[in-house]
Structures are given as structure tokens and as C-alpha cells.
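Protein chains in written order, with my numbering: chain L, 1367 to 1671; chain E, 133 to 523; chain W, 4 to 86.
Don't take each hint at face value.
Unchecked claim - When the alpha-carbon atoms are kept at most 20 Å apart in a straight line, the in silico SDA-like pairs for lysine to any residue are as follows:
| # | chain 1 | residue 1 | chain 2 | residue 2 |
| --- | --- | --- | --- | --- |
| 1 | W | K8 | W | L42 |
| 2 | W | K61 | E | G214 |
| 3 | W | K61 | W | L7 |
| 4 | E | K209 | E | T195 |
| 5 | E | K256 | L | F1577 |
| 6 | L | K1521 | E | A439 |
| 7 | L | K1582 | L | C1569 |
| 8 | W | K69 | L | F1468 |
| 9 | L | K1406 | W | E17 |
| 10 | L | K1406 | L | K1521 |
| 11 | L | K1491 | W | T10 |
| 12 | L | K1491 | E | T195 |
| 13 | E | K256 | L | K1406 |
| 14 | W | K84 | W | S63 |
| 15 | E | K173 | L | F1468 |
| 16 | L | K1491 | W | S66 |
| 17 | L | K1645 | L | P1411 |
| 18 | W | K69 | W | E22 |
| 19 | E | K256 | L | N1578 |
| 20 | L | K1522 | E | R402 |
| 21 | L | K1645 | L | D1599 |
| 22 | E | K341 | W | S66 |
| 23 | L | K1521 | L | A1572 |
| 24 | W | K84 | W | T10 |
| 25 | E | K341 | W | P65 |
| 26 | L | K1491 | L | F1577 |
| 27 | L | K1645 | L | Q1571 |
| 28 | E | K166 | E | T183 |
| 29 | L | K1406 | W | I16 |
Everything labelled a hint here was simulated from the structure, so no lab data went into it.
Note that this is a predicted model, so its numbers are computed, not measured.
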Amino acid sequence: MYYIHSIASISHQDSFNVSNVCSKLEKLGQESEVIAPNYKEYVPPASLRRLSPVLRMGLTASIECQNNTEKEFDAISVGTALGCLRDTEKFLVTFHTATSDFLSPTAFIQSTHNTIGGQISLGLKNHAYNMTHTQNNVSFEVALMDALMCIDEGKKQVLVGSADEQIPFLELMQPNLIPDNYPLTSGASFFVISPEASSASVCVQAVAVRFNPTDKTGEIEQFLANQQLTLNDIELALYADQLPVETNEKTETLNFLEYSGLHYSASAFAMHIAHDSLKHSDKRYALIINDMCSDKLGITLLSKQ
Amino acid sequence: MNIHITGYGLITSIGLNTEENVASLRSLRTGIAKGRLDNTKAYNVGEIHLTNAELKEQFKLQTDGSRTALLGMAAAKQAFEGHVLSDQIRTGLISGTSVGGMDVSEIEYKNYLNESNHNPDNYKHHSSGTSSEQIAQELGISDFVNTISTACSSAANAIMMGARMIKSGTLDRVVVGGTDSLTSFTISGFKSLMIFDDQWCRPFDDTRKGLNLGEGAGFIVLESDKSLEKTGKKPLARLTGWSNASDAFHQTASSPDGHGARLSMNEALRISELQPGDIDYINAHGTATPNNDLSESQAFQGIFGTAIPPFSSTKAYTGHTLAASGGIEAVFAILAIRNGYLYPNLNFKTPIAETGLTPQLDFEEGKNIQHVLSNSFGFGGNNSTIIISAV
Amino acid sequence: MSDLKETLKEQIIEQLNLEDLTPADIQNEAPLFGEGLGLDSIDALEFIVLLEQNYNIKISDPSEGKEIFQSVDSLAAYIEKHQ
């Protein structure tokens, strides 16, 4: 089993350091902003000065996860769909407008996708396995698959999460890069996964990704059948915009994009919601269906033991 | 369970296919020269002299994409040639890239800054994940697609991820490797780090000043025992070891003693159940930056003591192809095992004062090479090692 | 010279994003790297950019920076000499 031991989300919701994120959720308007903790309480100023918002969010959420966990992480798996956009754009401007051969290097250095994972290893002085996955809307799901594989290989304390950031230029890239029916947001959600239960009760039971699915309903039913479950067993279904399956009246459904806003790794925040919902209710199964891009389907099943 | 290697393909500045690459390696012919394009002409780079249209034509590519994706398709297609898709064999593609579709985006962004002809439609190629989806589409692979982006260790990590997914039973067969095209973004980036050598790069030489960038792609095909039974493919080599560890020292610099590199090499040896003495050749990361080569040399001494096997960096041939390097060098490792090759470390004259190590200096063939260790290290202290062994 | 040092401190704070510092926090003779302000090799490259952009001084080999960037004093002395 893959128990979820600690969660830290920094999002447009009041989600950091709250015991039940479900009690705080509000639908986002067009003009919402990240509700950020005081990063200075987590990251020394010498490091913080170089960190763009997505790096601050990812690093701080990871530090919070480590603070709530006794053992050091023995693997770190990060998903990010578009990586460090702010530094990427900054460096594009730097070299496109350069008048001399001397260019400021910091934005370039901080622009690679694995700066998030790298800063986590540096910040935590962690020498373990450190992977960065990027696969559009299923970036978090593939990072989660890696994390579960690490547990199967014998790892005991795996940090998995995702981070993506909104920049104004992204709106110009719509709808070619991402859909445009929700406000663009930033978000980072990190989880500690362990094979040991101790005080945890909610597990990631299974996760899968499907590419070019022709029959989403069939894929989801098959995924559940592999777990000896049917849609009737699902008490909470989280989805992105449109629920691609028919559920019965007992199933609570929630369009997570209304709460996370739009960034491609928002299904990680949906997993935070699902976890807290199971933990604080008598529901047993929650399903996260992520088809933000129509050609890629992420399916994640959480269960309470 | 064995992880069998049943295919390989590459495209680099020293050759568009295996034969051309071997011919260049054998005749000590580097691909690094003054660039021929507007954004490369001021630099020594390992450039592939085919336009995107020529790439499409030469490799009969059906799928549109950034240059990064097209190079990836060219190499992955060669690797996957002769393999047949089947419902019975779950097949995936895992590619490493650091720039993704930046070659397209950076031109479009310039149009945006100049307020002329800005066409946001072109950003559809931007995402690194999309470049892998385009490569997978070209091969017809849709069971699983994943992109690893850990800078210069990306392809090595993609290979490792593929091996683990086969071992876990999630996939039966997987095409793994990496691709990166030359972009103004990375050229300007490494210039800003002041780690270009305006001459040919000199890996492991005491006078080394920095790297030359290159472009290219390298992919290999991994299969499980079960897959092999169904495909009837003849294994060419085996992937026996893999590891990733964090240096946790600095965002760009390696620790002086190569701590992360040692962790990575040790763990890969443990997974392969080999001793350091079993390694017959090391394809080093060897970027020719003052920092990397000293740190990696110290790590070699830490692992192998005074009995360091023949080692070389092939980056003086190809240039540093960033995320693709681990894939290209994995193909070099397979060729070393299949043909008994040892590759020379071009442009070497003087050992590094602190370590005194001399790399392999001549091209040799017909050697008995059973196990090759290949290193790839990336920004963020991301250190990876794979070990490829004879069948 | 003292004006130059004050200007330099402001430029250092700006170039290196030392947002929590004021010029008064940087002593003329205090080491900038290592145990001083805790700057590193990336900052050394930013210093090179700062010198080029503001003083038209070109340092092409980063290893030359070690001596020059020891302190505000050494930086100012170098600028005076090379401008």
C-alpha cells in the first residue's frame, strides 16, 4: 500500500498548513492570486533571492512535508508541465535584447524544468534519487507512477508532487498551448508516500495514464475493474471540466478546475482535496479523472483503509 | 529479470546513422566546427547540417514538430526499425529533453518582442512533453509516453525509467533515450555561464576551458524476457545497471570530490551486481568544463582507486548534446560492446594536475568489452549512471 | 572613491537580488564571498555582467574575478584602475 503521510499545497486556495482543505475551498474568480506562506520562514535569504514563484512554492511545500516527517526522503519525484516559465521568459528577453556579449546567467540557470527538484535536493541536503517528469496534463500522474514504483523497489519515504506557474505571457499562448476556459493559476502540491501506515489512513491505491483514449468510459471502468471496483463504489469523483463517465446519485462529484484554476499539473491539488475528503468523512473511495487535454487521460484512485 | 537491448539509433554531428558515426569515431573526425547558421556561426558547435525539411525528407517523417522532435524521430525510428507493434506487447516511449520545442518558441518570441508576424499557433510545439508525444506518434506508440527533463542527465534518466518500468511489469518494451536541438536559448545560456571554449573542447586536459555545444538524439529499445519471447528479437546487449543520485552541492557546480557522482556509480554497480574491476570502459560525462572533469576524475579515483579502466569523453566528437548525450553515449556503449571498440578522448595532451589521469587516446577495436559504465550529470546536481553489458 | 563604493553597493544589491540588504549592511572591506555575504560562483558571473554594463570593463576569464571581487574595496580599486 502507498500511504499518504503528509501534504503541502500552495495554491490560490487557503491550502497551506490547513487540516482539511475541503472546509476552506471557494470557487475561484477571474482575478484570484496565490495565497502564499511567508517564504522567509522556510528558505534562507541567500537562496530565496534567486527563486521565482514556482521555485518558492515547490521548495517551501517540500520543506513543509519534510518538517512533518521524521525520516529523510529516500526518493523525490516531481512533475511539471511547463517548468520554470518566468525565468524562461526572462532569459528569452535577456538574449533577444542583449547589446553586449555579457549576459546575466541566473535566469538561464533557474529555467530548466528540474530546477524545482534540484532546489529541493539542495534545500533539504538530500542526496537521493531525484526525478523530473514533464508530460503536459499528466505530468503529476507520471511523477506519481514513478513514486509508487520507488516504493515497490523498497523505498520507505518518497516525496512526490508537482508545481507549475502562471505568467501573463501564457495567456497569449492560449489556446495553442493550453485550453482557455478557466483562469490561469499557479500551484504546487507535494505528498509524502510510504508503504507503512503508522498514523495515515488514506492511500494511493492505483494510478494510470492513457494516451489517445478512444473510449474514456471504458478505460476508467477497466481501471476500476483491475482494482475489483466499479463506478458504483466511487463516493467522490473529481474531474476536469467535463465528467466523462455516468455516476450514480450517491457519488459526490467535483470539478476541481473550479478550485485549482488552470495549470496542467492541477490534478495534484485534486489529490489533496480527495485525500482530505476521505480522511474527514466516512467515504472510502475517491477517483480523480484528469482529461484536461482530450488526448491524455490520467486516472488516480485513493482509498481509505 | 533481464533488460534486453534490441535496437539502437542515433543522429549526431558526426553522422546521421550508426555507420557514419562509427566511421567518424574511427577516423578521429570531430563534428565540431564553426556553425553555419545565423545563431551558431560565432561558435564552435556540433551542428547537424540538415534543415528541418531535409530531416523530414531523409527520414521520411510523417509527423510535424520542433527540430528537437524531428531529431528525436530520426534517431528513434532507426532504433525501432524492424520492430512491430502489437496489442500483446505493451510498448512505451520515454524521451529526455531539456529544450523541447524552444527552437520554435524562441523565434516566435522574438517576433512578439519585435511586434511583427507573431503567430501564437507555433507555441503548440513548445512543451517538452509534446516533443515526446510527436516522436511516439511517428513510431505509432501510444501505450505510454513520458518525458524526463533533468537537464544533461535527461536521456540517462529516461533509460533508467524505462528499465524500471519493464522490471515492474508496467511495460514489456520501451524506446528510451533523448533529444535536443541547438537553440539560441542554450547557446546564449552557456555563454552567460562563460563555460564555452572558443577552441575545440579538451575533456580531462589540464588546459581545458569549457565545452562546445552540440545537437542530436540517441535512442535504444529495451525489452523484457516476455517481450523477447513474443518478438523473437535477438538481444544485442543488456542494460544491467542504473542509478540517479543528487549531489546537493550547488545548482550548477559539481562538488569538488564528486560526491553525487560516486553515489550514482556505486548504486549502478550494486544494481548490476558488478564490482568496479568488472568495468571494461567508462564513457565519461566529460564536458571539458574545469569543474566537471576534475570532480568526475576525483569520483573515478574514489570508486576505482588506482585501477581505473580505460575512459574517455566522446563530447569532443559530438559536442555536448545536453539532454540527448546519455542516449547517444548509450549507443556508443552498445557499439563498444558489440565490436570491442574503445573511443579516444580527442584533444587531450596534459593530465589534470590534481588527479594525473590519462584517458583512452586511440581508437581501438576487437577488445573484449563485457561491461561499459556511462555517466551523465545535469544541473541541479542530478547525477546518473547506466551500465550496459554484453549478452 | 567613497561615492563609487556606495554606488557599487547599490548595484550589487540590485544585480544579485539582495532584497533584504541595504548599502549600510555591506562593509567596504568585508569578504563578499564565502563566509561574508555568502555569494557563490553564479554571483561572480553576475559581477562580471555588472562591471561590463555599468563600467564597460570586460573580464573574459571568470577565474580572474577571484581577486577582484573579494570586497567592495577591491572592486572599487579595480574599477578606478581600469576605467
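Each hint, compared with the structure:
{"no.": "1", "hint": "K8(W) with L42(W)", "verdict": "holds, 18 Å"}
{"no.": "2", "hint": "K61(W) with G214(E)", "verdict": "violated, 56 Å"}
{"no.": "3", "hint": "K61(W) with L7(W)", "verdict": "holds, 18 Å"}
{"no.": "4", "hint": "K209(E) with T195(E)", "verdict": "holds, 12 Å"}
{"no.": "5", "hint": "K256(E) with F1577(L)", "verdict": "holds, 18 Å"}
{"no.": "6", "hint": "K1521(L) with A439(E)", "verdict": "violated, 33 Å"}
{"no.": "7", "hint": "K1582(L) with C1569(L)", "verdict": "violated, 24 Å"}
{"no.": "8", "hint": "K69(W) with F1468(L)", "verdict": "holds, 18 Å"}
{"no.": "9", "hint": "K1406(L) with E17(W)", "verdict": "holds, 19 Å"}
{"no.": "10", "hint": "K1406(L) with K1521(L)", "verdict": "violated, 31 Å"}
{"no.": "11", "hint": "K1491(L) with T10(W)", "verdict": "violated, 36 Å"}
{"no.": "12", "hint": "K1491(L) with T195(E)", "verdict": "violated, 43 Å"}
{"no.": "13", "hint": "K256(E) with K1406(L)", "verdict": "violated, 37 Å"}
{"no.": "14", "hint": "K84(W) with S63(W)", "verdict": "holds, 17 Å"}
{"no.": "15", "hint": "K173(E) with F1468(L)", "verdict": "holds, 18 Å"}
{"no.": "16", "hint": "K1491(L) with S66(W)", "verdict": "violated, 27 Å"}
{"no.": "17", "hint": "K1645(L) with P1411(L)", "verdict": "violated, 36 Å"}
{"no.": "18", "hint": "K69(W) with E22(W)", "verdict": "violated, 24 Å"}
{"no.": "19", "hint": "K256(E) with N1578(L)", "verdict": "holds, 17 Å"}
{"no.": "20", "hint": "K1522(L) with R402(E)", "verdict": "holds, 19 Å"}
{"no.": "21", "hint": "K1645(L) with D1599(L)", "verdict": "holds, 17 Å"}
{"no.": "22", "hint": "K341(E) with S66(W)", "verdict": "holds, 11 Å"}
{"no.": "23", "hint": "K1521(L) with A1572(L)", "verdict": "holds, 17 Å"}
{"no.": "24", "hint": "K84(W) with T10(W)", "verdict": "holds, 17 Å"}
{"no.": "25", "hint": "K341(E) with P65(W)", "verdict": "holds, 11 Å"}
{"no.": "26", "hint": "K1491(L) with F1577(L)", "verdict": "violated, 36 Å"}
{"no.": "27", "hint": "K1645(L) with Q1571(L)", "verdict": "holds, 15 Å"}
{"no.": "28", "hint": "K166(E) with T183(E)", "verdict": "holds, 17 Å"}
{"no.": "29", "hint": "K1406(L) with I16(W)", "verdict": "holds, 18 Å"}
Violated hints, listed in ascending order, are 2, 6, 7, 10, 11, 12, 13, 16, 17, 18 and 26; each of the other numbered hints is respected by the structure.
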